[in-house]
Every structure is written in structure tokens, then in C-alpha cells.
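From first to last, the protein sequence lines are chains A and B. Everything in the first sequence is counted per full-length UniProt numbering, starting at 1 for the first residue and increasing by one. Everything in the second sequence is counted per full-length UniProt numbering, starting at 1 for the first residue and increasing by one.
Treat the hints with care, since some could be wrong.
[Claimed, not checked] Each computed DSBU-like pair below joins lysine-lysine, with the alpha-carbon atoms no more than 35 angstroms apart:
{"id": "1", "chain 1": "B", "residue 1": "Lys30", "chain 2": "A", "residue 2": "Lys131"}
{"id": "2", "chain 1": "A", "residue 1": "Lys121", "chain 2": "B", "residue 2": "Lys122"}
{"id": "3", "chain 1": "A", "residue 1": "Lys131", "chain 2": "B", "residue 2": "Lys220"}
{"id": "4", "chain 1": "B", "residue 1": "Lys220", "chain 2": "A", "residue 2": "Lys257"}
{"id": "5", "chain 1": "A", "residue 1": "Lys131", "chain 2": "B", "residue 2": "Lys122"}
{"id": "6", "chain 1": "B", "residue 1": "Lys218", "chain 2": "A", "residue 2": "Lys131"}
{"id": "7", "chain 1": "B", "residue 1": "Lys30", "chain 2": "A", "residue 2": "Lys257"}
{"id": "8", "chain 1": "B", "residue 1": "Lys67", "chain 2": "A", "residue 2": "Lys131"}
{"id": "9", "chain 1": "B", "residue 1": "Lys220", "chain 2": "A", "residue 2": "Lys118"}
{"id": "10", "chain 1": "A", "residue 1": "Lys225", "chain 2": "A", "residue 2": "Lys194"}
{"id": "11", "chain 1": "A", "residue 1": "Lys121", "chain 2": "B", "residue 2": "Lys220"}
{"id": "12", "chain 1": "A", "residue 1": "Lys118", "chain 2": "B", "residue 2": "Lys122"}
{"id": "13", "chain 1": "A", "residue 1": "Lys131", "chain 2": "A", "residue 2": "Lys80"}
{"id": "14", "chain 1": "A", "residue 1": "Lys118", "chain 2": "B", "residue 2": "Lys218"}
{"id": "15", "chain 1": "A", "residue 1": "Lys121", "chain 2": "B", "residue 2": "Lys218"}
Since the hints were made in silico from the structure, they are not lab data. All values reported here derive from a predicted model rather than from experimental measurement.
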Amino acid sequence: MGDSQYSFSLTTFRSQLSLSLSLSLSAETYRQDDFKWVSVPCSPSGKLVQIEHALTAVGSGQTSLGIKASNGVVIATEKKLPSILVDETSVQKIQALTPNIGVVYSGMGPDFRVLVRKSRKQAQQYYLLYKETIPVTQLVRETAAVMQEFTQSGGVRPFGVSLLIAGYDDNGPQLYQVDPSGSYFSWKASAMGKNVSNAKTFLEKRYTEDMELDDAIHTAILTLKEGYEGQISSNNIEIGIIRSDREFRVLSPAEIKDFLEEVE
Amino acid sequence: MTGSMDLPAKGGFDFDLCRRNNMLEKNGLKLPGFLKTGTTIVGLVFQDGVVLGADTRATEGPIVADKNCEKIHFMAPNIYCCGAGTAADTEAVTDMVSSQLQLHRYATGRESRVITALTLLKSHLFRYQGHVSAALVLGGVDCTGPHLHTVYPHGSTDTLPFATMGSGSLAAMSVFESRFKEGLTREEGIELVSDAIRAGIFNDLGSGSNVDVCVITKGKTEYLRNHQLPNPRTYASSKGFSFTKGQTEVLSTKIIPLKQKVEVAEGGDAMEE
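Could you put together the complete structure from these sequences and hints?
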């Protein structure tokens with residue numbers, strides 16, 4: 001990975017090793033003392049502590065979920081803002097990576113932005129090289145590779161986000177989850193963030209193989225509602241869908257309102 | 001550290017192979033030419049937007065390499081670019097800028113502007129000091145209105161109501177200069193562009209074959225590929241050829257029987273599994 005700004009010589013590594021293992025990181029911010037060689041050595045148990053911490057950051061992020069229907073995919077997330085003064089139209093948690101692939105996250109917003117930027121660039125480079133729009137699996141693989149790089153390079157930390165990538169290509173509708181470690185899984189329905197266990201149980205009960213996209217959207221809203229503290233409305237959730245027309249789009253608040261009314 | 005000597009870092013292009021090429025040429029090697037597009041490309045601004053036009057012949061010296069190539073390249077849904085000069089250069093540079101515009105659209109959430117495409121192109125061409133031989137006619141409609149620009153290989157640009165580029169530009173410009181006026185309608189614009197391209201096709205050797213037209217208006221782009229085909233191919237015979245025996249005079253006959261090389265051995269062991 002070429003854009004690491006910190007390159008340490010081997011001599012400093014040894015003296016800093018014991019210190020880095022005992023760094024305790026809070027879920028909100030990664031407290032990095034200046035110029036600590038925060039590489040990701042294996043602990044004796046075989047776990048990578050940094051990645052555990054990153055997963056904790058994800059686990060305390062706002063709930064997000066995705067459902068793969070027979071004719072499309074829906075991804076959704078809570079959009080709880082820190083204060084009523086924040087302009088909610090300026091916050092966009094669900095982003096398009098290509099015209100037919102969208103992504104949502106749980107965890108640290110700034111890390112998400114960096115990944116979105118990188119993934120978009122990779123999709124363009126793939127097109128320039130192969131003159132084929134990037135298939136969903138390829139983009140997932142390349143994004144996961146970027147996330148893995150950051151777990152094995154010097155002077156960087158793993159990304160504190162898990163991504164849910166939704167796309168529709170020649171292999172039909174697909175939903176992938178990518179973790180800070182760089183591992184990825186294909187899901188029929190999945191959730192991440194604060195309310196993950198309740199949400200997953202709810203989804204397990206409600207999911208059917210031949211669900212249509214509109215049912216999936218209703219199910220997604222109900223799942224979000226389950227764990228939502230407060231009143232759910234069209235301004236504090238975000239929903240992105242992709243149908244068989246292969247155009248990923250984020251629903252407008254008016255459209256969300258219609259779906260909410262149908263659910264109630 | 002053993003191994004090669006570390007050469008001082010040289011910026012930009014590496015011209016070492018030019019000496020080798022000069023030596024080869026002196027020794028009689030004929031260097032391959034590159035595919036130029038010869039070309040007539042034009043553009044004009046009409047009342048609702050921009051019309052771009054191009055011929056479809058790609059030449060390699062005196063040979064027509066592609067009789068129906070596409071010279072109007074996609075930059076953005078609302079911006080198209082005609083390319084003259086070296087075909088590889090125009091393709092590569094328009095693809096690259098098209099990709100950059102897509103990334104910019106994602107980052108900003110807005111439609112691309114023609115001036116953005118123009119600046120990206122001219123910065124790239126200037127950086128390569130004219131070695132990227134791409135002469136372009138860039139046109140599109142964005143939130144600030146319709147725009148038409150020409151870009152020269154060294155990186156200079158013009159903003160014009162009507163423009164022509166390529167080897168057929170003089171022929172096409174004569175048509176524009178006599179008939180262009182402000183506020184043309186869509187049909188008049190397409191007709192004027194087609195006439196200008198046809199002037200290039202028939203009067204310039206580097207241009208030929210068909211007329212491609214692209215009409216860009218606010219919210220809609222129509223790419224009329226092969227809008228006119230003024231050079232239909234006439235094949236020798238639609239029924240094909242028939243050569244009956246006896247039409248060709250036989251001068252001599254020589255028959256060589258092929259020796260049979262295959263020997264079948266009777267018996268023998270079957271192959272082991």
C-alpha cells in the first residue's frame with residue numbers, strides 16, 4: 001500500500017511492540033499516541049486485537065441492514081443525528097459506487113467516506129482496463145482487499161466500518177457484507193451495528209426466498225422499527241434500493257413516507 | 001547492493017529508444033505508421049443545444065484502416081467529444097477524462113459541466129506538450145447552457161458557435177461560413193452539419209464513408225450513428241461467382257501419391273490404465 005504516511009525503521013519497532021499490544025481503544029475513537037507503530041501483530045491467542053477493536057466500533061454504530069429479494073435488493077439504515085439543529089439533508093449514509101451498486105455502513109462515517117472514494121476509483125479503473133462494468137463480486141473483492149491491506153501495513157489502523165454492498169448485475173441481485181478484517185460474505189439478509197442480534201433474529205423469522213422487493217422494503221422498515229429508540233419517520237431513516245432495471249437509487253423522504261404509511 | 005547502475009531520475013518521457021529507431025531506419029527498416037483518423041469533425045450551437053458531426057474513415061497512411069469507425073466519443077450523458085488526429089490518442093484521452101468526470105459526478109452529486117471536461121482535457125494535453133496527438137471538438141449542454149469548444153494537441157482551446165477540425169476542416173468550414181446563422185432549429189442544424197461532413201467526405205482524401213451525428217439538448221442526447229450513408233458499397237455480384245470446369249485452361253498435371261505412413265501392429269498389449 002503506497003500511501004502510508006508513516007514509515008518506521010525496524011529498530012524502533014521492537015521497542016514499541018510491547019506498548020502497542022497494550023493500547024486500549026475506545027469504541028468511538030482510536031486513541032493513537034503520536035507515531036506509535038500500530039501494526040497488527042498476532043496476539044498469543046491468534047486473534048488480531050486491532051480488528052476486534054474495529055469490530056467493537058462497528059458494533060456500537062447505528063444499525064443498518066440489507067435484504068436480498070427475488071427481483072432486487074434493499075439496504076437501509078438509521079439516521080440518528082446528534083442534534084435537531086443538524087441539517088439532515090446534508091447527511092447521506094447510503095452511497096452509490098457505480099450506477100448498479102450501492103453501499104451502506106455501520107461504524108465510523110469518515111472511514112466510510114474514504115472507502116467509498118477508493119471503491120469508486122477502483123470501479124472506474126476496472127472499466128478502463130476491461131471495458132466492462134465491474135461485476136458486484138469483483139468490486140466487493142477489491143474493497144475487501146483494501147480493508148485487509150490496512151490490517152497488515154505499518155502506521156495504519158483497520159477501518160472502523162462494516163459495509164453492506166448491494167448490487168444487481170448479470171448474476172442477479174446480490175448482497176455482500178465486508179468486515180474490517182477484509183473478510184466478506186454473501187447474505188440473503190443481514191444486519192450490523194447496535195441492534196444486530198435482535199435485527200438478525202427478526203430477519204430470520206421474516207425472510208422468505210421468494211420475497212419481492214416491495215415486501216423486502218416493508219420488512220426492512222419493520223426491522224429498523226424494532227430497535228429504534230424514539231419515533232421512526234421519513235427523515236431519520238435512509239433506504240436505498242436496486243431493482244431489475246439495475247439503477248441503484250436512494251429513496252427520497254416522500255417515498256419513504258409512503259412506505260412507512262403502508263407498513264403502519 | 002550489486003546490480004545495475006542507478007541512473008539519475010529523469011522526469012517526463014524517456015527518449016532513449018529514439019536513437020535505436022534512428023539507427024534501424026538508417027539500416028533500411030521501414031517504421032510502421034500509426035493510425036491517424038484523417039477526418040472531418042464539426043460542431044455547431046443551435047437554439048436548443050449542440051449538434052456534433054463526424055465522418056467515419058480511419059486511415060493508416062494511404063490505406064483506409066476502418067471504413068466505419070466511431071469518432072464521436074462519450075464523455076458524460078450530456079457531453080460528447082469528436083476526435084481527430086491519432087486514433088489511439090483520442091480514444092485514450094477521452095476515456096480517461098470520461099472516467100474522471102464520472103468520479104467527479106459521484107463526489108459532487110451533480111451533472112458534469114462542459115467546462116470541467118474542457119479543463120481536464122487541456123491540462124492533460126498541455127502536460128504532454130503536443131505528443132498526445134488529439135484534436136477535439138467538445139460539445140455539450142449543462143446547467144449553464146450549451147457549449148462548444150475545440151481543443152488542440154498542445155492544449156490550447158477555443159470557444160465557438162461553430163467549429164471544424166481535421167484534414168477536412170477547410171471543406172466543412174466553407175459550408176458553415178456560408179450557411180451558419182444564430183438560432184437554427186434542430187432539423188436545420190442536423191442538415192447543416194451533415195452537409196459540412198459530406199463536403200469533407202467528398203473533397204478530402206482523409207475523410208470518407210458515412211456521416212455520424214450527435215444532438216445534445218437539455219436533458220436529452222441523441223446519438224445518430226450512420227445518420228447518412230452517402231457511400232454505399234456495390235459488390236461485384238450478389239449471386240456470387242461460379243467457376244465451371246473447363247473455363248480455366250490446364251497447362252500441366254502432376255500427381256504425387258501420398259505414402260501411407262501408418263502401420264497397424266497386430267496383437268500387442270493393451271495400454272495400462
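Given pair status - Lys131/A, Lys67/B, alpha carbons within 35 angstroms: Answer holds: Lys67/B to Lys131/A is near 23 angstroms, not above 35 angstroms.
Restraint status (C-alpha distance of Lys131/A to Lys122/B at most 35 angstroms): holds, 24 angstroms
Proposed proximity, Lys122/B with Lys118/A (alpha carbon, max 35 angstroms): holds, 25 angstroms
Given pair status - Lys257/A, Lys220/B, alpha carbons within 35 angstroms: It holds: about 31 angstroms lies between the C-alpha atoms, which stays within 35 angstroms.
Holds or violated: Lys118/A to Lys218/B, with C-alpha atoms at most 35 angstroms apart: holds, 32 angstroms
Hint consistency between Lys30/B and Lys257/A [alpha-carbon to alpha-carbon, up to 35 angstroms]: Violated - the C-alpha atoms of Lys257/A and Lys30/B are around 71 angstroms apart, more than 35 angstroms.
Given pair status - Lys122/B, Lys121/A, alpha carbons within 35 angstroms: It holds: about 22 angstroms lies between the C-alpha atoms, which stays within 35 angstroms.
Hinted pair Lys225/A and Lys194/A, Cα distance within 35 angstroms: holds, 13 angstroms
Straight-line alpha-carbon gap Lys218/B to Lys131/A, limit 35 angstroms: With a Cα-Cα distance of about 28 angstroms, the restraint between Lys218/B and Lys131/A holds, given a limit of 35 angstroms.
Hinted pair Lys220/B and Lys118/A, Cα distance within 35 angstroms: holds, 31 angstroms
Agreement of Lys121/A and Lys218/B with the hint, judged by alpha carbon distance not exceeding 35 angstroms: With Cα atoms ~28 angstroms apart, Lys121/A and Lys218/B stay inside 35 angstroms; holds.
Pairwise hint evaluation, Lys80/A against Lys131/A, where the allowed Cα distance is 35 angstroms at most: The hint is violated at about 40 angstroms.
Checked against the numbered hints above, the structure violates hints 7 and 13; every other hint is satisfied.
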